Amino acid sequence: MVEKKNGISEDWLSLWLGLFIFVLSLFAFSGTDTLGWGISTKAWTDVSKATAPVSKKLQPLKGEITKIDSQKVTLKKADGKEETITVKDTTGLKVGDKYEKPGMSGFSSLLLTYLFMLVVMLVGAAALRVNIGKFIIGFTIVFWISYVCWLIGHYAYIAATDAKKAGIPWSLKLTGESGFIVALVAGLVVGNFFPRLSAYLKDVIRPELYIKTAIVLMGALLGVKAAESFGLATAVMFRGLCAIIEAYLIYWALVYFIARKYFKFSKEWAAPLASGISICGVSAAIATGGAIRARPIVPIMVSSLVVIFAVIELILLPFLAQNFLWKEPLVAGAWMGLAVKTDGAAVASGAVTDALIRAKALTMEGVNYKEGWVTMTATTVKLFIDIFIGVWAFILAFIWCAKVECKPGEKVRAVEIWNRFPKFVLGYVVTFALLLIICLPATRAVQPVEKEIGTLKEEVSKAEKQVQITTDPSALAALNEKIKAAKDKMKGLGDQVKEPKATLTNAKIATDGSNSFRVMFFVLTFFTIGVVSNFKKLWEEGIGKLAAVYILALFGFIIWIGLIISWIFFHGVKPPIVTG
Amino acid sequence: MPEGPKLAEELKKMEYEPLLPVEKKLISWSIILGAVLLGILVWVSYTFFPGGH
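Protein chains in written order, with my numbering: chain R, 1 to 580; chain D, 581 to 633.
Each hint should be verified, as a subset may be incorrect.
[As the list claims (entries may be wrong)] EDC-like mimics (lysine to aspartate or glutamate), calculated; alpha carbons at most 16 Å apart, straight line:
(1) D/Lys-592 - R/Glu-540
(2) R/Lys-57 - R/Glu-83
(3) R/Lys-545 - D/Glu-589
(4) D/Lys-593 - R/Glu-268
(5) R/Lys-574 - R/Glu-365
(6) R/Lys-57 - R/Asp-512
(7) R/Lys-403 - R/Glu-416
(8) R/Lys-101 - D/Glu-590
(9) D/Lys-605 - R/Glu-405
(10) R/Lys-173 - R/Glu-365
[To be verified] If we take Cβ atoms under 8 Å as the criterion, some of the chain R residues that face chain D in the derived model are:
(11) Thr-234
(12) Ala-235
(13) Leu-249
(14) Trp-252
(15) Phe-257
(16) Arg-260
(17) Lys-267
(18) Trp-269
(19) Met-301
(20) Ile-399
(21) Lys-545
[Stated by the list, open to error] Estimated spans, in silico, between C-beta atoms of each pair:
(22) D/Leu-600 - R/Leu-434: 47 to 55 Å
(23) R/Gly-366 - D/Ser-608: 43 to 51 Å
(24) D/Ser-608 - R/Glu-540: 32 to 40 Å
(25) R/Arg-413 - D/Pro-598: 25 to 33 Å
Please keep in mind that the hints were generated in silico from the structure rather than gathered at the bench. Given the structure is predicted, the values throughout are model-derived calculations rather than measurements. We put the beta carbon where it would ideally sit given N, CA and C, even for glycine.
All chains, full assembly: derive it from the sequences and hints.
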């Protein structure tokens, strides 16, 4: 939304911010969990237990010892759950004893997260050349309001997917991601009813900056996921490519035709409007406006409309998808990427849909889909659309100059493709590719061995049951021999993949750390999208005719063609299922 | 802060421009090309990237 003034552009800044946090997370591969103190939030009935540092090593732990196996100590915690930890010195510990490990409190973790993000964003603010003092106050307000919303969304009565497990009689089962919707609503309230506050926060209200930084960080997480299911990931990527055709060649042409033919818009208005509605909202409208040499006012007006409608879609579509597409999660993800405009709203609606659909599939059919695949699909589709904006602007500029109307002194330069290329996508590609390259060989080594270990475990378990009912000494000896051989083999197999397993563990530590900040950037995105969506102002300015085209195009065919094409390409393609 | 131009005023100022033949061509070719390419991609997708189908 906020374009480059004197300093760096938000696009470049998001790339550097995301890469900085990503690089910090990579220290996990050298044994240092640099970002383990980042905040994680879980469903709560007692707010004091809602927050904790993301690294288990830093979390305090208390319970009764139920098992000691060399350095591994299993504890039964107050909530009845068991957790195994590694203790350096187990002498003096025995089963039945109480054990307490000190750690970092949730509040300290939250405070550190705030301070870290404040410092990182201050560097960003300096690069953007905004008033630093005002930025500190503004960011503090935005951070804490957003986090409180996120916390409210995790209230067990709203978020818990299994009310019984959470120890409550009922729940809305909206998952913790409902915190995003709470943040959005809070943002809308601030944006529409507290104009002075939203004006004061202007320098901090940067949803595009937050979402782009989050997308760079998300690349790493999705790289690990892609390594786990490489075939599925390539299928999702290829299908993402198809979205380009749909958005640029079909949607754009249809919206342009309707705007010109039936709503009598001039070319100057119709082209940015078509790009705004059909491609990627704000940046596409601005790129198209530049390509056809429209007055700056045109794409700006179109952009404000795009943001408003993206919010409406963000509120409606994930819930529609949860009700009607929960059996086809990836269709739902692609649909969000195709139908919801602006990067922030599209990826955000993918994240909400991910949570809602997984919760529904678990409740309805007991199917526990792995987290993140719906978000990944929505993000992939949206990013593929994004990266072609520059090419599209170039093609339009060429066609306009050669065939439609060439303004005096106008030249079409290929460098515009690079100028309009969304740079944050480079960050996404780097983080995704790096983690994929690191994790793919490790996953390929570990997965077949783990399968074999699983089979051996089953054999051991069966043999142990037989031992209990066998009385014949020779049969008993044979069974014990079989168990010993299987256990030896399991140990051998385990040793064989020790190194790749350590790589995967480190990758998880790295992505858990960066993901903690990715989530916070998401929450900031939702809140700030709400703040910039000033319905009142747009209504006062005379939204009528422009909104009519938007509504007709969006609800008349964009959403539905998007759904049909998502269905054609993604139906039957399911996310991996959580096993064990 | 100076008031920016209002959307309604800008839209009122807009003059009618009939749809040019070149625009009609652009629209129809774009949709035809899009439909054909989608057909090809569906085939490629189902054939080479089944991923669960």
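Q: Go through the numbered hints given earlier and state which of them the structure violates, listing their numbers in rising order.
A: 7, 8
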